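S.K.: Numbering (the numbering used here), first residue to last: -18 to 242.
Watch out, some of these pointers could steer you wrong.
In silico DMTMM-like links for lysine to aspartate or glutamate, alpha-carbon gap of 25 Å or less [stated by the list, open to error]:
hint, residue 1, residue 2
1, Lys192, Asp228
2, Lys128, Asp66
3, Lys238, Asp207
4, Lys36, Asp155
5, Lys192, Asp137
6, Lys58, Asp70
7, Lys58, Asp137
8, Lys139, Glu118
9, Lys139, Asp113
10, Lys128, Asp76
11, Lys238, Asp66
12, Lys73, Glu25
13, Lys73, Asp113
14, Lys192, Asp127
15, Lys73, Glu96
16, Lys73, Glu118
17, Lys21, Asp55
18, Lys36, Asp127
19, Lys21, Glu118
20, Lys139, Asp228
21, Lys139, Asp95
Ranges of calculated distance between the beta carbons of each label pair, as one might list FRET restraints [said to hold, decoys possible]:
hint, residue 1, residue 2, range
22, Leu179, Arg40, 33 to 43 Å
23, Asp185, Gly14, 33 to 43 Å
24, Asn205, Glu96, 10 to 20 Å
25, Asn232, Val92, 18 to 28 Å
26, Asp185, Ser43, 18 to 28 Å
27, Arg35, Asp155, 34 to 44 Å
28, Arg35, Gln99, 18 to 28 Å
29, Gly164, Asn232, 15 to 25 Å
30, Leu210, Ser152, 41 to 51 Å
Please keep in mind that the hints were generated in silico from the structure rather than gathered at the bench. These numbers were taken from a predicted model, which means no experiment stands behind them. Backbone N, C-alpha and C define an ideal beta-carbon position, used for all residues, glycine too.
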Amino acid sequence: MNEKTNDAVTKTQSSSGQGQPFTLYPAIDILGGACVRLFKGDYEASTTYEANPRKVAERWLSQGARFLHVVDLDAAKSGSPVNRDVIRDIVKLTDAAGANVQVGGGVRDEVALDEWLQIGVTRCVIGTAALDTSLMERLVERFGGDKIVIGLDGRDGKLAVRGWVEQTDISLVDVARRLYHLGIRSALVTDVQKDGTLQGPNLDLARAISKTGLAAIASGGVRNLDDVLAAREAGLAGAIAGRSLYDGTLNLAEALKTLRS
């Protein structure tokens, strides 16, 4: 972990129920160059919040965010980076602020991961490609497990891939257990049925993933500060906040202050 990441850990994280660091990540999901939110992972049910994602990044950084979660939704479907220039601009902004960025969406091979890391991204979320055992072994060997967060997205405990548009019968817990033994140490756990709903995160699923040894970050459904604190008390490594921040049911500055206290 580099100095910038260490600094971010010190400034933004507090201990979870299991004594591990906890981070609140503001989400910036990009579709067609704009900042949007999907409802239950449905690309046809998106809400545009801001035409310029950079402005959103500036807002979250000004409120104290030290780690942004940025997703290229176009790339998640196509497998090719579509919003790279937009995200590169956000990376420059966060770097100047001494903050960090984790990027997801379409990161499915060594070339894609290397390109993002060269741009200055702290780490990447890998979803669909996580099913390729030989690829994951190569990625861990070349880049190290700390540069990779596994995106475990699913419905009813089963893995969803390719931008959530394809559903499998593969158990999320089984995938998590296998990847932990390959050297992966962190997982972003998204209940697609909760995403964008403000119904509260699926903490049971995230806890089940954490029992495999992975540091689990809850995503999907976070409504308010109570949900964030519940995720911390559940022993999770962090939580992603999206729609709650955009709709105003969660105040980022207040949440970060509470987590530090």
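S.K.: Holds or violated: Lys36 and Asp127, Cα atoms, limit 25 Å.
M.R.: 28 Å, violated
S.K.: Would you mind confirming whether the straight-line C-alpha gap from Lys238 to Asp66 stays at or under 25 Å?
M.R.: Violated, at about 32 Å.
S.K.: Straight-line Cα separation of Lys128 and Asp76 no greater than 25 Å?
M.R.: 16 Å, holds
S.K.: Range first: 15 to 25 Å. Now tell me if the beta carbons of Gly164 and Asn232 are that far apart.
M.R.: 37 Å, violated
S.K.: Taking 18 to 28 Å as the hint, is the beta-carbon distance of Asp185 and Ser43 inside that range?
M.R.: Violated - the Cβ-Cβ distance for Asp185 and Ser43, about 35 Å, lies outside 18 to 28 Å.
S.K.: Quickly compare the C-alpha distance for Lys58 and Asp137 to 25 Å and report which way the hint goes.
M.R.: 21 Å, holds
S.K.: Checking one constraint from the list: CA of Lys36 to CA of Asp155, max 25 Å. Satisfied?
M.R.: It is violated: about 39 Å lies between the C-alpha atoms, which goes past 25 Å.
S.K.: Given a hint of 10 to 20 Å, does the C-beta separation of Asn205 and Glu96 actually sit inside it?
M.R.: 37 Å, violated
S.K.: Are Arg35 and Asp155 spaced within 34 to 44 Å by their CB atoms?
M.R.: 39 Å, holds
S.K.: Assess, step by step, whether the Cα of Lys139 is no farther than 25 Å from the Cα of Glu118, and give holds or violated.
M.R.: 23 Å, holds
S.K.: Quick check: does the Cβ-Cβ distance between Arg35 and Gln99 fall within 18 to 28 Å?
M.R.: 20 Å, holds
S.K.: Taken at face value, is the distance from the CA of Asp207 to the CA of Lys238 at most 25 Å?
M.R.: 14 Å, holds
The structure is inconsistent with the numbered hints 1, 4, 11, 12, 13, 16, 18, 19, 20, 21, 22, 24, 25, 26, 29, 30, although it conforms to all the rest.
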